[in-house]
Amino acid sequence: FNKTEVKDPETPEIPGEIPASVYQAIKLRQIGEIFTIPILDPDVANDRAEEFGLECQVKNLFLDNNKPTILHDKTKQIRAKLPALNITNIPINIMRMIDPGHFWVQLRNEETASNLRLIRKAIDKADSLEELNDLPKVNSLLLASKDNSGRIGSYERVVIQSISLVAKDKYEAQ
Numbered sequence: 001f002n003k004t005e006v007k008d009p010e011t012p013e014i015p016g017e018i019p020a021s022v023y024q025a026i027k028l029r030q031i032g033e034i035f036t037i038p039i040l041d042p043d044v045a046n047d048r049a050e051e052f053g054l055e056c057q058v059k060n061l062f063l064d065n066n067k068p069t070i071l072h073d074k075t076k077q078i079r080a081k082l083p084a085l086n087i088t089n090i091p092i093n094i095m096r097m098i099d100p101g102h103f104w105v106q107l108r109n110e111e112t113a114s115n116l117r118l119i120r121k122a123i124d125k126a127d128s129l130e131e132l133n134d135l136p137k138v139n140s141l142l143l144a145s146k147d148n149s150g151r152i153g154s155y156e157r158v159v160i161q162s163i164s165l166v167a168k169d170k171y172e173a174q
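So the sequence shown is numbered by the numbering used here: it starts at 1 and just counts up by one.
Hints are computed from structural coordinates only; laboratory data are not their basis. Quantities reported herein were computed from a predicted structural model and do not represent experimental measurements. Yeah, the Cβ is synthetic: ideal placement off N, Cα and C, and Gly gets one too. Treat each hint with caution, since some may be false.
[Unchecked claim] Label pairs and their calculated CB-CB ranges: (1) L129 with W104: 20 to 26 angstroms; (2) N133 with T88: 27 to 33 angstroms; (3) Q161 with L54: 25 to 31 angstroms; (4) K121 with L40: 23 to 29 angstroms; (5) V158 with F52: 31 to 37 angstroms; (6) V105 with A20: 17 to 23 angstroms.
Just need the whole structure built from these sequences, with the hints factored in.
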């Protein structure tokens, strides 16, 4: 942590010399996991970007504009839903916090809640999940058990980043 993140030890809101980022992360866990993200007006956002020396041109980091894009039905189903341009704030729930700079969120609305209920109902059906017979491909999206108990509801969505041989005929996926 750099010195700018450490507040004055006499400040009553931060006891001792706890870095502000750590203190804020702990407080966020204590007050709950429901937040609303305010969105800046586009003109204000562009002014602020120029002030910080950032590019103001919109770049699409996911799709190459020079190549034709073919979207398959399965790809459309797993794409993130982005908010409309006229939205001024985004209500979210923090679902899983790894550290203050790395966490997963979901939109806090009825459509998302309804979709989650449908997904859980599909997972709860014992015959709806298939076991892998072969090694999964890197970048494939799977549903994996959080632990080896196989309990209903103890699953997480995972993306295979790498596969390593750890022993004869035994592989580990990350």
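Structure-based check of each hint:
1. Between L129 and W104 the beta carbons are some 21 angstroms apart, a value that agrees with the proposed interval 20 to 26 angstroms.
2. The beta-carbon spacing between N133 and T88, approximately 49 angstroms, falls outside the hinted interval of 27 to 33 angstroms.
3. Against the hinted window of 25 to 31 angstroms, the Cβ-Cβ separation of Q161 and L54 comes to about 29 angstroms, which satisfies the hint.
4. Separation of K121 from L40 is about 38 angstroms and departs from the stated range, judged on CB atoms against 23 to 29 angstroms.
5. Distance hint for V158 and F52: a CB-CB separation of about 35 angstroms, consistent with the stated range 31 to 37 angstroms.
6. Between V105 and A20, the C-beta spacing of about 22 angstroms keeps the proposed range 17 to 23 angstroms intact.
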